[in-house]
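Going down the list, the protein sequences come from chains W and D. Heads up: the first sequence begins at 1 in full-length UniProt numbering, then just goes up one per residue. Heads up: the second sequence begins at 1 in full-length UniProt numbering, then just goes up one per residue.
Hints may be right or wrong, so weigh each one.
It does not matter which identical chain is meant; a pair holds if it fits inside one copy or across any two.
Unchecked claim - The calculated DSS-like cross-link candidates involving lysine-lysine, where the alpha carbons are at most 27 Å apart (straight line), are:
| id | residue 1 | residue 2 |
| --- | --- | --- |
| 1 | Lys188 | Lys807 |
| 2 | Lys807 | Lys837 |
| 3 | Lys637 | Lys798 |
| 4 | Lys638 | Lys582 |
| 5 | Lys837 | Lys424 |
| 6 | Lys841 | Lys798 |
| 7 | Lys39 | Lys798 |
| 8 | Lys582 | Lys798 |
| 9 | Lys638 | Lys798 |
| 10 | Lys188 | Lys556 |
| 11 | Lys188 | Lys164 |
| 12 | Lys807 | Lys835 |
| 13 | Lys343 | Lys637 |
| 14 | Lys149 | Lys424 |
| 15 | Lys652 | Lys343 |
| 16 | Lys188 | Lys582 |
| 17 | Lys39 | Lys149 |
| 18 | Lys638 | Lys835 |
| 19 | Lys715 | Lys188 |
These are computed hints drawn from the structure, not numbers from a lab. Note that the structure is a prediction, hence the values are computed from the model and not measured.
Protein chains: 2
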Amino acid sequence: MAATTWVQDFADGRREQRELLGGKGANVAEMTRILGADKVPAGFTITTEACVAYMRGERTLPDGLEEQVAAALARLEERAGRRLGDPQDPLLVSVRSGARESMPGMLDTVLNLGLTDASVEGLAARTSNPRFAWDSYRRFVQMYGNVVKGVPGEAIEEEIARLKREQGVVLDTELDVAALQELVTRFKGLYERTTGEAFPQDPQEQLAGAIRAVFDSWTGDRAVQYRRINRIPDDWGTAVNVQQMVFGNKGDTSCSGVAFSRDEVTGEPEPSGDFLVNAQGEDVVSGVRNTQDLAAMAQVMPDAHDELLEILRTLERHYGDMQDTEFTVEEGRLYMLQTRNAKRPAQAAVRFAVDAVDEGLLDRSQALLTLDAEGLETLLHPTFDRSADYRVLGIGVNASPGAAKGAAVFTAEEAVAAAARGEKVILVRPFTEADDVAGFHAAQGILTSEGGKASHAALVARGMGKPCVCGATDLQVDLPGHVARIGDVLIREGDLVAINGTTGEITTDDVPLVEPSQDPAMAGVLERFETVLGWADELRVLGVRTNADTPEDAAKARELGAEGIGLCRTEHMFMEADRQPKMRRMIMAGDEAERRAALEELRPLQQADFEGLFEAMTGQPVTIRLLDPPLHEFLPKKEEVGEELHEAYAAKRYHRVGVLADVLERIETLSEANPMLGTRGVRLGLLYPEIFEMQAEAIFAAAVAVRSRTGSAPKLEVMIPLVGYERELELMRGFVVAVADRHGLTIGEDYLVGTMIELPRACFLADSIADHADFFSFGTNDLTQTGLGFSRDDIEGKILARYIEFKVLDRSPFETIDTPGVGQMLRMGAWLGRKTKQDLKLGVCGEHGGDPDSIAFFHDSGIDYVSCSPFRVPIARVAAAQAAIRIPLGERAGRATD
Amino acid sequence: MAATTWVQDFADGRREQRELLGGKGANVAEMTRILGADKVPAGFTITTEACVAYMRGERTLPDGLEEQVAAALARLEERAGRRLGDPQDPLLVSVRSGARESMPGMLDTVLNLGLTDASVEGLAARTSNPRFAWDSYRRFVQMYGNVVKGVPGEAIEEEIARLKREQGVVLDTELDVAALQELVTRFKGLYERTTGEAFPQDPQEQLAGAIRAVFDSWTGDRAVQYRRINRIPDDWGTAVNVQQMVFGNKGDTSCSGVAFSRDEVTGEPEPSGDFLVNAQGEDVVSGVRNTQDLAAMAQVMPDAHDELLEILRTLERHYGDMQDTEFTVEEGRLYMLQTRNAKRPAQAAVRFAVDAVDEGLLDRSQALLTLDAEGLETLLHPTFDRSADYRVLGIGVNASPGAAKGAAVFTAEEAVAAAARGEKVILVRPFTEADDVAGFHAAQGILTSEGGKASHAALVARGMGKPCVCGATDLQVDLPGHVARIGDVLIREGDLVAINGTTGEITTDDVPLVEPSQDPAMAGVLERFETVLGWADELRVLGVRTNADTPEDAAKARELGAEGIGLCRTEHMFMEADRQPKMRRMIMAGDEAERRAALEELRPLQQADFEGLFEAMTGQPVTIRLLDPPLHEFLPKKEEVGEELHEAYAAKRYHRVGVLADVLERIETLSEANPMLGTRGVRLGLLYPEIFEMQAEAIFAAAVAVRSRTGSAPKLEVMIPLVGYERELELMRGFVVAVADRHGLTIGEDYLVGTMIELPRACFLADSIADHADFFSFGTNDLTQTGLGFSRDDIEGKILARYIEFKVLDRSPFETIDTPGVGQMLRMGAWLGRKTKQDLKLGVCGEHGGDPDSIAFFHDSGIDYVSCSPFRVPIARVAAAQAAIRIPLGERAGRATD
């Protein structure tokens, strides 16, 4: 049997090998291919398969790996004309992680590997730059100790700070050769004290250690947490890229930087980025030193700058997407170290899509596929009200768009705790690290005093669509003191802070946030967004409706492109303050007559609700679901009534005690062990037909009134919830038709009657249920609850985290539909329904209707439309188009063929 | 288009036409065919289809029916040589209902139809028996008025009673011709006052009215209620049989009676029955007059008696089953009016099955199919302890076997109310009617002062398997006074009464009830039952295990034929008094260490439980399910703790207040909106692995201990509940195996690990779940709850009755499996599981495992075994055999073929 190939030279790879080589390895190989070997430092990739084998083998390097690395290294040495560890002219390499999906900052990297006490002297002599050589060596000892052997970062920083104090200098760059030599000695001492071993002087040992460290970092806590949040499978593993070092820290003709082919925040068609002269790449992304804007490079290193811009154009054309690159200029010569499709905020993504089509770079379908549908929601989020009077205390880097405000907190833990209490917070930090990611989720926005657009804070916030202002140099954060200062203002924990990630503004005034539609700065973006949505509407097959219970929501959704109401939950109408007492009187009724009297009071109110809804949705279908929740949801909580009763008793208000006792008794009668599986939906309709009758009366009276008032008849669809048996729907349909008859309305012409499909049994019996249905709407929330036996209320808090930790789930099944289980139930229901009625209209009205991954599944399942909350409508339109592009109509499942 | 045939002569029918002609019509036709036309009075049947058409047509007789009835009547008149309504020599007919399934007493019958003021005189002259003629006429006017026109029965009885008082007589038979003529006059007056019309003198009008009345009785309240209880579809309709009258009331050479081909209570191979000289059939079944035993007929009418016995033998051979017949002797000549397979108590059914095989009448399969598996449970029920000292206050007719005791109640309503309060009652009545049926369900047993083995009370009680003593002549029941007297004892409502339906004994002593196994009188029956069960075991394919949590239950079930434990619910072990405090301490634990300490105390107790179970089940498989219910089920109720806290506060026991407050807090934390869908089963196992670890420890330690003590290794199967995801089972399996490893036990050899399949998702993903399972056990209770979205606790009380009323359901889906929904999920799970593992062992451990209808479905689905409560084991064995006889192995579904 041939031995497995664990190692591949950059020169032999291509971008399609992403799974094997990781994103970085595949892209470096691709760049080598298209830019030429002289533009990309040579090297090789140890495959993700090697990492997987290493993990499976309980952290032993797989057979053959060491030999293959040695051979690849020999080829690299030959190509470079230098040997690793050569005391005269050493080859130095970087050892970088590179997973299939980018995990910025999560996995380990070691630079300058190959330096030893001997070879540092050779490097100094060869480059005639002892300071560079010793700076490189101290960086290597520092990084190797920290990354490979776990020497604490604080201890390292403490050594540097102490030496700088001793030397009386402020900047690292002010340390001279002797000081750097002293630092190496102190680092090696620290290394020995920490690990009990001397710092390794064998470059092969260094290399093996670094490779293991990268493999190990895959299963480190930070990486595991990141993968959990970003749903990256644990068994992918990471590749390891060993690459000849080039040096941005060789003096003033050298630099390191990151460059985007277009502005990474706005999407404007101008390259952007940051760079630092006489620095290595780590200095740029760490955010420790404040970087220079890429434009400034045109002055400092014009040739390299021109070449870089040309390469960015080449790469963008080649990849057909905005590129995010890393480069180094070594003594005037440009090297490309990495490229990848740029993560970008929604406004930049939309701008790129529109510009790329205008430029002829992409067609509309291709352009749509560059969008992250989920992230587009940020375009709908508020910014500062520019007409408001507020004091700008400072301006930082506009790192992730959108405005946010909340109470200042200074730790991720506090952000999480406050969010759990329902408070809105802004996470304020000097800079952020992987450990802070949980705090990003909990916060409204992120504010840092250090770092640029490529800093950790900026990258993560953009990925999440959270507003972020970073590198705010006017801000001083005192972490131990739990305070910050900006200008003359002291910010204590809990004080209000507002940030605008689109402009970089920071204030402590309670500035109103305005919707993007009212924000002039967003005008161009929203126009482009409209353009993109227009393409989506041309390309998509799925209809997009909205879940709306009020005329206001309906109007908003329509503005956002909804093609009708897919779900109006009539119960929400009963929750309003003026309805609740009437609803309660209905529920407290002793008999049917009393109940009917109470319902009679509710009827005109419901009718007015429906009239408003119909008028807001003229010309578009409106699906009204009859009462669904159990009646006890409309009664006050037992504890509250009990307390009130005690109070009334203490106050000797005995009549009141009697009234409350009756309420308690009714609550007791109506209480259920499992209300989710209890007296709800159609069961209520069969138990108290008078309730559904009142609703049907209100619906049809409203339809007739609106038709005669506006001349336009509502496109009415009456929906029966929680049907499990054909007969339930048959009875309710007959019942609704009888009421409609009284209003002279004809089924099939003036209105339709359909059902929710939200019970597993309904999916199995969908063929007979379809006999009585003009449409199905899959209630995927309840279908998930019953199909998985998961009560949403109970599971998301207690079980979900553990299940993700144990890799049972990668996300909540209420967020993205569980395709192999619930999804197959839905497909069975769709298929059987269409077996009975070839053209049965099929919708989805669970929250999955606004989730892009679920939308792709629904498209593929032959569903006709999804219905989602108003703000999700644009996302659904784009996601539906993307699904249609990826899965052409003819290839969809779900159409019955027999 | 040919007109539909609505009418068929008896001479043209056969037994296979039951659906069209009803049971009575088909059997009368069959008897005509095999006994000859001279043994069965001629007539014709109006089909069930005519009834269905009548109901669909809103109570108009279907086209052609009247003409066809007229033609059939003409044929009947020709055959009889008499004309309906002929003033000289009238033909009289009976008009009887006859549905597909017998509905005794629920549908209407009119006798003596054709009598008018004119023809009664002709009949009197022709028969030279004016008393007979006038008695027949008064019966007709009475019955027609009551049945066809709704004249109240009490008003009729009142007229009779008044006349008897006036005449100074006691018995109906003492009324002379003049008195009967007076009675006819008074009945006609009552008829006219009630209906506003004169009593019809046109026999054709009478006939049409009677046919309509029978049709209408199908939709009467009594019939609807009966069908609901007996699960007879409403759309079957009833046939109407019009038959020439023969008269058992023509004097002392005439009689009417019912006869069984074997003793209908014991099954002894001797014909039995009741008859009444000079009476019509209604007198026999109404229980109003006390009947004579059939044996006495040998003296009174020896020829007719001999002929009847010969006919009974013929019919039994022909039908291959015990027959229940009605006959009339008219002036010495025997006529058979009806035959059907006899309903019979379990002891008679078992005796017949064994005797029929011994006699060569049936083979074992045929004999097994004559049994009602459900009803066999009565054989396992108690009788009076014969060694006990109790005073027999009276002996009635032993109408339905088994003993019962409880508080006396005198109305069905009170029986229902008391049962709802959880009380055990005996329903005491003079006689019973259809309206009382609900009370039968609620009562432990039934006691009446009137009627014989063919009375309503006897028939219904036998059908339900309820003990019944009827015709207790020493008993006087004072309904208005709510008291009864037997001998010198007064029985007030609520006083204890005990009855023995096997012997007819009645007492008011609190006599102990004894199990049948300890009852010498049942010895022969139980032996025969063993014989029958032996046949069942030979023929059945399904295994039968038991659900048992204690060694006692296990031993009982084994005695009843269980082939292992299919479900041991370990949680029940924690509910015992000595375990509860420890369990609560475990749940109240603040951290894992505390929890482990509490578990350590529970472990030896669990181990002892398992040892007992293994020893009780030596050589047979024992399936142990790890903890399933949510933890809060082990804590006290919130209200109780709250009350105790208030009391402790009032008593200034402040330390106790603090303790209780902690408990309340824990209850609050653990409380769930829908516990059924919450933190249960495998979810608990993943959240608190230490609980499942303790259980696994106890199980394996017990297995090792029992093996070394007894030399016999338990056949151990560990079962994980509520699995929905492959990964859940993979994790738990690994976990259980790790514990077993510590005990040196090997999976596949020393034990198996399997899972419950009780979530719809698990059915859909059964192929991948099967990768980690040695067996599946379908938990059909929970699969019903989730598949239908029905919380059993909430639905059975509130929704079920309405759903049966609205014909959504015909019974609870928790009683018999919902085959098109839940049943198909089970089949999908079975099929997918076996697709992965051809020989995957499949069981069912929901309560459906003891339900004969469900068992047939499980057999057909390829399930390997069912598991049910100990007392259901024999029923399951018989039901499994019946299923195997009806559905041979090769025709079963559910075996994967690819």
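Cross-check of the supplied hints:
1. Proximity of Lys188 and Lys807 under a CA criterion of 27 Å is satisfied in neither setting, with 41 Å inside one chain copy and 85 Å between copies.
2. With identical chains, the CA atoms of Lys807 and Lys837 are at most 27 Å apart between copies only, with a shortest distance of 25 Å across copies and 40 Å within one.
3. Taking CA atoms no more than 27 Å apart as the test, Lys637 paired with Lys798 passes in both settings, with 23 Å inside one copy and 21 Å between copies.
4. When the C-alpha separation of Lys638 and Lys582 is checked against a cutoff of 27 Å, the pair qualifies only within one copy, where the shortest distance is 19 Å, while the shortest distance between copies is 31 Å.
5. Taking the shortest alpha-carbon separations for Lys837 and Lys424, neither the intra-copy value of 50 Å nor the inter-copy value of 53 Å comes in at or below 27 Å.
6. Neither within a single protomer nor between protomers do Lys841 and Lys798 lie at most 27 Å apart by alpha-carbon distance, with minima of 37 Å and 33 Å respectively.
7. Taking the closest pair of Cα atoms, Lys39 and Lys798 never come within 27 Å of each other, the shortest separation being 53 Å inside a single copy and 77 Å across copies.
8. Proximity of Lys582 to Lys798 under the C-alpha cut-off of 27 Å is restricted to the inter-copy arrangement: shortest distance 24 Å between copies versus 37 Å within a copy.
9. Proximity of Lys638 and Lys798 under a CA criterion of 27 Å is satisfied in both settings, with 24 Å inside one chain copy and 21 Å between copies.
10. For the homomeric pair Lys188 and Lys556, neither the shortest alpha-carbon distance inside one copy (64 Å) nor that between copies (77 Å) is at most 27 Å.
11. Taking CA atoms no more than 27 Å apart as the test, Lys188 paired with Lys164 passes inside one copy only; the shortest distance there is 18 Å, against 126 Å between copies.
12. In this assembly of identical chains, the alpha carbons of Lys807 and Lys835 lie at most 27 Å apart only when taken from different copies (25 Å versus 37 Å within one copy).
13. Taking the shortest alpha-carbon separations for Lys343 and Lys637, neither the intra-copy value of 48 Å nor the inter-copy value of 54 Å comes in at or below 27 Å.
14. For a Cα distance limit of 27 Å, the shortest separation of Lys149 from Lys424 qualifies neither inside one copy, at 40 Å, nor across copies, at 77 Å.
15. In the homo-oligomer, the alpha carbons of Lys652 and Lys343 never lie at most 27 Å apart, since the shortest distance is 67 Å inside one protomer and 65 Å across protomers.
16. For the homomeric pair Lys188 and Lys582, neither the shortest alpha-carbon distance inside one copy (79 Å) nor that between copies (56 Å) is at most 27 Å.
17. Neither within a single protomer nor between protomers do Lys39 and Lys149 lie at most 27 Å apart by alpha-carbon distance, with minima of 33 Å and 107 Å respectively.
18. In this assembly of identical chains, Lys638 and Lys835 lie within 27 Å of each other by CA distance neither inside one copy nor across copies; the values are 47 Å within and 51 Å between.
19. Taking the shortest alpha-carbon separations for Lys715 and Lys188, neither the intra-copy value of 78 Å nor the inter-copy value of 63 Å comes in at or below 27 Å.
Consistency with the previously given hints fails for numbers 1, 5, 6, 7, 10, 13, 14, 15, 16, 17, 18, 19, ordered from lowest to highest.
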